[in-house]
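Protein sequence lines correspond, in order, to chains A and B. Per the working numbering, the very first residue in the first sequence carries number 1; after that it's consecutive. Per the working numbering, the very first residue in the second sequence carries number 1; after that it's consecutive.
Worth double-checking, as some hints may not be accurate.
As the list claims (entries may be wrong) - DEER-style ranges, computed between Cβ atoms:
#	chain 1	residue 1	chain 2	residue 2	range
1	A	L367	B	P124	37 to 45 Å
2	A	N407	B	L60	39 to 47 Å
3	B	S115	A	A201	44 to 52 Å
4	B	L22	A	T198	16 to 24 Å
5	A	V18	B	S115	40 to 48 Å
6	A	P375	B	P146	45 to 53 Å
7	A	A476	B	M144	49 to 57 Å
8	A	L4	B	T61	27 to 35 Å
9	B	L46	A	A353	41 to 49 Å
10	A	L455	B	V74	26 to 34 Å
11	B	A69	A	M337	39 to 47 Å
12	B	S115	A	N407	31 to 39 Å
13	A	G104	B	P124	43 to 51 Å
14	B	L60	A	D460	39 to 47 Å
These are computed hints drawn from the structure, not numbers from a lab. The structure displayed is predicted, hence computed values, not measured ones. C-beta: ideal position from N, C-alpha, C; glycine also.
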Amino acid sequence: METLNNVLGGFGVALTLVNLLYCFVGVLLGTFIGVLPGVGPLVTIALLLPLTFGLPPDGALIMLAGIYYGAAYGGSTTAILVNLPGESAAAATCLDGYQMALQGRAGPALAIAAIGSLVAGCFGTLLIVTLAGPLTRLALAFGAPEYFSLMVLALVAASAIAHGSMIKAIGATLLGILFGMVGLDVNSGVSRFSFGLTGIADGIDFVVVAMGLFAFTEIMRTLAERNRGPVTTAKVHSLMPSRDDLRRSWKAILRGTAVGAFFGILPGAGPTISAFSAYALEKKLSAQPERFGRGAIEGVAAPESANNAAAQASFIPTLTLGIPGSATMALMLGALMIQGITPGPQIVTEHPALFWGLIASMFIGNLMLVIINLPLVGLWVAMLRIPYRWLYPIVLTLSCVGLFTINGSTLDIVFAAGFGLLGYLFFKLGCEPAPFILGFLLGPLLEENFRRATLIARGDLAVFLARPISLAFLLAALGFALLMIVPSIRRRKEQATAEEEA
Amino acid sequence: MRLSRDLLAGLLFMICGIGAALIAQGYTIGTVRHMGPGYFPIIVGLLLALIGAVLASRGLTAASRLEPAIRWDVRPLVLITAAVLAFALLIRPAGMIVALAVMLGIARFAGRNGSLREFLVMVPVLVVMAWAIFVLGLEIPLRMAPW
Numbered sequence: 001m002e003t004l005n006n007v008l009g010g011f012g013v014a015l016t017l018v019n020l021l022y023c024f025v026g027v028l029l030g031t032f033i034g035v036l037p038g039v040g041p042l043v044t045i046a047l048l049l050p051l052t053f054g055l056p057p058d059g060a061l062i063m064l065a066g067i068y069y070g071a072a073y074g075g076s077t078t079a080i081l082v083n084l085p086g087e088s089a090a091a092a093t094c095l096d097g098y099q100m101a102l103q104g105r106a107g108p109a110l111a112i113a114a115i116g117s118l119v120a121g122c123f124g125t126l127l128i129v130t131l132a133g134p135l136t137r138l139a140l141a142f143g144a145p146e147y148f149s150l151m152v153l154a155l156v157a158a159s160a161i162a163h164g165s166m167i168k169a170i171g172a173t174l175l176g177i178l179f180g181m182v183g184l185d186v187n188s189g190v191s192r193f194s195f196g197l198t199g200i201a202d203g204i205d206f207v208v209v210a211m212g213l214f215a216f217t218e219i220m221r222t223l224a225e226r227n228r229g230p231v232t233t234a235k236v237h238s239l240m241p242s243r244d245d246l247r248r249s250w251k252a253i254l255r256g257t258a259v260g261a262f263f264g265i266l267p268g269a270g271p272t273i274s275a276f277s278a279y280a281l282e283k284k285l286s287a288q289p290e291r292f293g294r295g296a297i298e299g300v301a302a303p304e305s306a307n308n309a310a311a312q313a314s315f316i317p318t319l320t321l322g323i324p325g326s327a328t329m330a331l332m333l334g335a336l337m338i339q340g341i342t343p344g345p346q347i348v349t350e351h352p353a354l355f356w357g358l359i360a361s362m363f364i365g366n367l368m369l370v371i372i373n374l375p376l377v378g379l380w381v382a383m384l385r386i387p388y389r390w391l392y393p394i395v396l397t398l399s400c401v402g403l404f405t406i407n408g409s410t411l412d413i414v415f416a417a418g419f420g421l422l423g424y425l426f427f428k429l430g431c432e433p434a435p436f437i438l439g440f441l442l443g444p445l446l447e448e449n450f451r452r453a454t455l456i457a458r459g460d461l462a463v464f465l466a467r468p469i470s471l472a473f474l475l476a477a478l479g480f481a482l483l484m485i486v487p488s489i490r491r492r493k494e495q496a497t498a499e500e501e502a
Numbered sequence: 001m002r003l004s005r006d007l008l009a010g011l012l013f014m015i016c017g018i019g020a021a022l023i024a025q026g027y028t029i030g031t032v033r034h035m036g037p038g039y040f041p042i043i044v045g046l047l048l049a050l051i052g053a054v055l056a057s058r059g060l061t062a063a064s065r066l067e068p069a070i071r072w073d074v075r076p077l078v079l080i081t082a083a084v085l086a087f088a089l090l091i092r093p094a095g096m097i098v099a100l101a102v103m104l105g106i107a108r109f110a111g112r113n114g115s116l117r118e119f120l121v122m123v124p125v126l127v128v129m130a131w132a133i134f135v136l137g138l139e140i141p142l143r144m145a146p147w
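Chain B with its partners taken away, still in its complex shape (with noise of 0.2 Å):
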């Protein structure tokens, strides 16, 4: 059965409609007069999970499986992620240069035709720009280097 974009949307509603209206469930509902945290929580997810369920049987016509399969670019997706991750590990323990330096540098496969001077370049410029901006101009305290 192909996935069709109506279909897999309208999962992902009903995934996080129900799983909200779930977890909304174990706060205190109340009554309309009284809400408790859980009343419009799980209002809005069943409503939520009510549209994916809609919308998934759409995407079980005949209409939405004549679509053209979803193109899933993984590379820039995993790189820009996995690069995003890596400054967030690594800004604490070791330091702003060395967090831009490997972000930078995963992220540099992300696009195409970069040469390596380009990027030797590049990622001092970077680390001044960002150093220029925070340290200096907004006066925020951050850690440049790993000692």
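Isolated chain A, as found in the complex (with noise of 0.2 Å):
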């Protein structure tokens, strides 16, 4: 009952005319932005969080919420037309979509794509509704060391499942953490690691190591590839899809869903992972597995289903627990911290408007999309041929801005120029900046529940493995790292992360 109230006081706060349009504006730049091939939903978020400064906290997070799952429909637009996917996560669509487009069905394919992601949207939405009070519950009961040890969970978990080899992605989260302690350490005062500078004294700026690891990055990667090949576009007739295909349909929706929500909970799993597990699924349990590949529905309804339940899920541990389990979700905390509001389960009871006026939007955004969507297809498909020496200025002329209005300071530039060289450095060396910037994040809230833990417990380290909870967090996150060096599973993730590249 209580939390039927929420929903509806939630509704109150996103159903204004300025919240709508921060969701109208979200949703419209998310789908584009998934439409163009170059720029992601993280390089869009880690330039606006400087805009954000300016914004109200609801508005602004209801916008940068409708970027983040925008960006799934936009992908699979031109996945299905093109065979480019916009981001990661659509290159699952890409194989039978595409098909489907090649022989005439692109109409019906995007319609599942796009009812496939509503469903799946509006699915995640209640998840975080029905698991947000129990959760926040569970988790104000925590202390100092189940604290500390879910952050350990987080960590290694989002190491053991990121891309590449995991012993690099923890020395990532390792650096990460490294660096987040640049700055003053709030017991002591001491300005740690600051080599004088008083430009760092009080830490380095989030949206500094954003920017750089993300957006400068990102820039110097694209151009750093070579051409792709010529776009050739399928043409979209009647978008109706037939009684056949939504009978194939629907339980690969309700699949693909689920495990979208699975993996969108799991720290370090994302939309990308959910949707080719949901297409292998599918494959696997089809009666007709030689279809999948050749434009069989079933193989662009699982992993558009997934890829959204898996990008509403994953705001579920980062609102209410306040542990990001993906970059982007990082970069939203980032956005939360800035407006100088502290994540975490106290959110929910401190700052209720926000929460639910975020998961209220949600709903509307998913709704937004889908009327967004279907009539304005060919403006993304025509939108594909910006060419990328016009976006990269733009993203430049952005961030290099944006990173001057946060402090006045020069030295962030030259930072963020920095973190740039950095984050191609690992992209070169076989690294996932996730994992740094997650290191980064959560580092100085990962010793402060050491230094509390141990202060309680009278400097008794065993107090991590006493108490139950953070047992059980310690060995899951063993558990992790333990499974990640069995060979026939790695074998596996190699595999996926293989496919997706391809």
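Got two chains here, separate frames each, mind docking them using the hints?
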């Protein structure tokens, strides 16, 4: 009952004209960048972080969230029509979606993708609604040892599931933690690792890291890539899926949603892994697996539902526990911190309007997406022709000016350039940047909780193992790490990541 | 000896880890019960160095040496970094218009197939865009011109 009240209150916040506008701008922008190859939700959100300083917190978050799940829609449109996934999660949709388009069935493919995404999005949002109360109550009962162990679990899981070698990811995480410790130590007032530079005496700004690692690095990488082939667009005839299509798809949609929700909550996994896993699952369960890769509609329904469900579900640990599972979620938390809101379970209790307003806006946003996308398909395809040499100057302009407006500090810009180089180095060395930013964000919290835990336990380090929940988290973290070492699972993961990159 | 990715990554981690631990050693360490500012950084630094060592030794194995050589795409790397640094150097003394123009001018060479005419159109468009978003929209005072 209380939840229902909260949700209705949330709609009250989300349905104001201003917030509807933010939602609309968010999903429109999200779809747009989902379509454009070379600019993804991560870059966009990083670029918008300086801008959120001037926006009200609920509006800013609604817009950023809209960009995130909106990009999932946009990516699928081009995946189906042009065999170009606008973002990596849509790559699974290309496999059968483009085949369907070549067979003249682009319309039903797009329609099923939209329907699947809507169902999954709503389910994901419902999941947040149901889990919010119990999870936050649980989390508020956590003490410092539990928090520490939970963060360790999140970081290890994120490293284990990330692309590439787990050891490198853990290294990146630790490096991120070290960078997170630059600046003022709250307990002692000592300024650490600042080398006399007053600009970073109180820490490196989150936006600086985000901009460097995700905007600048991305530009360097994209410019270095070889050219893509010619863009051939399939024609879209009628949009109506046949009854046969619907009959085949509904189970795929439900299964995809379940897979997506599961992976979304898991730190480290995200829409991309969800989409590919859902596709693989559907193919395995199918009575006619040979149809996959040749235009099977389940091959569109499953990944599309999965990636939307995952996008929604990834908000759950971020908002309720304050633990981001991916780089994008870390940026969302960063946006919250910019607004002066400390992430953690207390968000639900201290800022209920923000939390429930955001959730209500997700329902609205998912609906808006279906309405916007289907008529505007032709427009999105035309957007694909925008050459990258026009896009990256826009990104550079927005990021440099944006960085300068945060603190008026040119040192910030220099550091961001440095992080751009670091990000490029990571990429060339086979390291994922996401664990780095997770470490950067969670590092200070990790230290804080470790300190508090040992203080309360009077120096007894066994406290982390003595308390059952904390022990459970640590064992789970160990489990993840060991699982990745087991050769068969490692091979499966490498297969999955190889498929994504193909 | 071929520098494989694992070896380089391992060396990077080792340098950063040991470096951090050495610096942190200068801060008060304290005890487990009363952790000083140096405690956690030393632990993290040493862990990082350990991981780096494991990685580096993996990088010395035969399998790693069979990897293809790393291709460093120097042009976008150097030009984009130079462009951003140019902006940082110019924004205060010369104002936003000059800073953006120079930055975009440098960045232009990082891409391909851009005509001069496109560039000459792009610069004012982007300057106006930046002005509209930041100065007009967010009401942030930014010096536009050098005088």
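Handout entry: Range hint compliance [Cβ, B/L46 to A/A353, 41 to 49 Å]
Key = holds, 45 Å
Practice task
With 45 to 53 Å as the target window, see if A/P375 and B/P146 comply at their CB atoms.
Solution key: holds, 47 Å
Practice task
Evaluate the given range 39 to 47 Å for the C-beta pair formed by B/L60 and A/D460.
Solution key: holds, 40 Å
Handout entry: A/L4 paired with B/T61, Cβ distance criterion 27 to 35 Å
Key = Given a distance of about 60 Å, which is not inside 27 to 35 Å, the answer is violated.
Practice task
With 39 to 47 Å as the target window, see if A/N407 and B/L60 comply at their CB atoms.
Solution key: holds, 44 Å
Exercise for the section: Return holds or violated for the Cβ distance of B/S115 and A/A201 against the range 44 to 52 Å. Expected result: holds, 46 Å
Exercise for the section: May I ask you to test the hint 26 to 34 Å on the CB atoms belonging to A/L455 and B/V74? Expected result: violated, 50 Å
Handout entry: Cβ distance range 37 to 45 Å for A/L367 and B/P124, holds or violated
Key = holds, 39 Å
Practice task
Using the beta carbons of A/V18 and B/S115, state whether their distance is inside 40 to 48 Å or not.
Solution key: holds, 42 Å
Exercise for the section: Could you see if the CB distance from A/G104 to B/P124 stays within 43 to 51 Å? Expected result: holds, 45 Å
Exercise for the section: State, for the Cβ atoms of B/A69 and A/M337, whether the hinted interval 39 to 47 Å holds or is violated. Expected result: Holds, at about 41 Å.
Problem - Beta-carbon spacing of A/A476 to B/M144 - inside the hinted bounds 49 to 57 Å or not - result: At 54 Å between Cβs, range holds.
Against the hints set out earlier in the document, violations occur for numbers 8 and 10.
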